[in-house]
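Same order as they appear, the protein sequences are chains X and D.
Counting in our numbering, the first sequence runs from 668 upward without gaps.
Counting in our numbering, the second sequence runs from 668 upward without gaps.
No wet-lab data here; the hints were simulated from the structure.
Fair warning: there could be bad hints in the mix.
One copy or two, either will do: identical chains are not told apart, so a pair holds if it fits within one copy or between any two.
When the alpha-carbon atoms are kept at most 30 Å apart in a straight line, the in silico DSBU-like pairs for lysine-lysine are as follows [to be verified]:
id: 1; residue 1: K878; residue 2: K709
id: 2; residue 1: K688; residue 2: K777
id: 3; residue 1: K709; residue 2: K892
id: 4; residue 1: K688; residue 2: K878
id: 5; residue 1: K793; residue 2: K688
id: 6; residue 1: K777; residue 2: K709
id: 7; residue 1: K688; residue 2: K901
id: 8; residue 1: K880; residue 2: K688
So you can see what is in the structure, the chains are spelled out below.
There are 2 protein chains.
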Amino acid sequence: MEKLTVVKIGGNIIDNEAALKQFVADFSSIQGHKILVHGGGKLATELSAKLGIETQMVDGRRITDAETVKVVTMVYAGLINKLIVAMLNAHGNTAIGLCGTDSKLLPAIKRPVVDIDYGWVGDVLKQEVNTAFIHTLLQANNIIVLAPITANANGDLLNINADTVATTIAEAMSAEYETTLVYCFEKKGVLLSVDDDNSAIANINEASAEKLKQEGVINKGMLPKISNAIAASKNGVAKVLIGHAEDIKALALNMEGYGTLISQ
Amino acid sequence: MEKLTVVKIGGNIIDNEAALKQFVADFSSIQGHKILVHGGGKLATELSAKLGIETQMVDGRRITDAETVKVVTMVYAGLINKLIVAMLNAHGNTAIGLCGTDSKLLPAIKRPVVDIDYGWVGDVLKQEVNTAFIHTLLQANNIIVLAPITANANGDLLNINADTVATTIAEAMSAEYETTLVYCFEKKGVLLSVDDDNSAIANINEASAEKLKQEGVINKGMLPKISNAIAASKNGVAKVLIGHAEDIKALALNMEGYGTLISQ
Chain X
668 MEKLTVVKIG GNIIDNEAAL KQFVADFSSI QGHKILVHGG GKLATELSAK
718 LGIETQMVDG RRITDAETVK VVTMVYAGLI NKLIVAMLNA HGNTAIGLCG
768 TDSKLLPAIK RPVVDIDYGW VGDVLKQEVN TAFIHTLLQA NNIIVLAPIT
818 ANANGDLLNI NADTVATTIA EAMSAEYETT LVYCFEKKGV LLSVDDDNSA
868 IANINEASAE KLKQEGVINK GMLPKISNAI AASKNGVAKV LIGHAEDIKA
918 LALNMEGYGT LISQ
Chain D
668 MEKLTVVKIG GNIIDNEAAL KQFVADFSSI QGHKILVHGG GKLATELSAK
718 LGIETQMVDG RRITDAETVK VVTMVYAGLI NKLIVAMLNA HGNTAIGLCG
768 TDSKLLPAIK RPVVDIDYGW VGDVLKQEVN TAFIHTLLQA NNIIVLAPIT
818 ANANGDLLNI NADTVATTIA EAMSAEYETT LVYCFEKKGV LLSVDDDNSA
868 IANINEASAE KLKQEGVINK GMLPKISNAI AASKNGVAKV LIGHAEDIKA
918 LALNMEGYGT LISQ
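Make the full structure from the sequences, and use the hints.
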């Protein structure tokens, strides 16, 4: 099986030009096939503010109204996506920037309203991921750069969660590739002590995750990340890691002492 | 040879939601391989104005400063591109939205400063168009939707002219495809009398174009369009037409009574 590395980067790296440049150089040097999933950082919030669009949050989640989905499509699928592609190409790669509606990579439905109406937010139809086309692009030596935007069958643009996109793609491609999935964030892994940057837990599995949750070590935003990671491991992704973007080269190789390795 | 239709649409259609919907439905029904090149309409100018970025024009051409290239990348390669892709997909197609830096489709240099510094504007390197990848995408039954944005080898994003992009792509693909190139605009063709919408000239060639220029029938914005069209005809594009977006189905078939057919 050929190797595939799927990396998700978040706002903290995108908002910092020097950090993004370094990350692109490092990511560029990883051997084998590569997919990069990115969010959009503060830029979408800033642009919304400048345009007088109020950012609505419910339970820490952004509500995507009709104006907001236009803004995130501009920022994520437009500026950030093409900036990263151009930077990767300047390093001698051939990168292609896409979102989920391109070639129907990530067909989705508008999230059904249960308690909260999230607005123009999508839930990806995992069984319909266009793995054949992703395979074609990878075999043509493209690095795929994916923005977390897609559309439903009606042609409505939808905002999707970048962690979920990375997880879904990694799972879907695991039948054909020995896949490593790395979620990058601003910490060196899942920290045993939130104030100690050097307290990253080397290994977490489903049982120890449960214990860490009860102890309150895993909480808030880390909860869905760990759930996603364990699910990925169960669904065939060979290696799943959480760590710092500045360690991406070591994380992609699962080098000892870098990040948290999550298994089922 | 398989058939390929390359269509360029401009701001007038993009700014009008009903017209765009009708255009997408019509374009969708054209047989054979298809590439759609779009501009961005008033949206980029409006967004710049809202963000307090002054639009600088010299001789009717937009000067693209560092802030403006970000705005056009957001609007062209982000919102407009993905909106059209989602609409095409909702019609049962498989469309893919790209700009010139994706898979190095349209390598370019920053336009050298002679009399005017156009800023972050690119000149496409015609010999380096990635025709192999366009061929791969078309053979996988993708409709390619192209935004007029690219990058240079340094990774700087550049604004490029949509008419030129359509011309360059049509010329480059003509070795492998029997290509029809249609420039859509808000008139029914090259008009003999500017006030008479029904005075479209059926055929123009290089000699008659020269005469029409001297008579002042071809002037202003139509001059570069006709030059592009004649060049395309000389460079192997089977059919080159100028006409109204609402006639796209008839234009793609070169039906009598629709648009102006340009030949060398």
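Here is how each hint holds up against the structure:
1. When the C-alpha separation of K878 and K709 is checked against a cutoff of 30 Å, the pair qualifies neither within a copy, at 34 Å, nor between copies, at 56 Å.
2. Taking the shortest Cα distances, K688 and K777 sit within 30 Å of each other only across copies (21 Å), while inside one copy they are farther apart (34 Å).
3. When the C-alpha separation of K709 and K892 is checked against a cutoff of 30 Å, the pair qualifies only within one copy, where the shortest distance is 20 Å, while the shortest distance between copies is 41 Å.
4. Taking the shortest Cα distances, K688 and K878 never come within 30 Å of each other, neither inside one copy (38 Å) nor across copies (54 Å).
5. Taking the shortest Cα distances, K793 and K688 sit within 30 Å of each other only across copies (29 Å), while inside one copy they are farther apart (32 Å).
6. For the homomeric pair K777 and K709, the shortest alpha-carbon distances inside one copy (24 Å) and between copies (29 Å) are both at most 30 Å.
7. Taking CA atoms no more than 30 Å apart as the test, K688 paired with K901 passes in neither setting, with 33 Å inside one copy and 43 Å between copies.
8. Taking identical chains as interchangeable, the C-alpha atoms of K880 and K688 are never at most 30 Å apart, the minima being 35 Å within one chain and 50 Å between chains.
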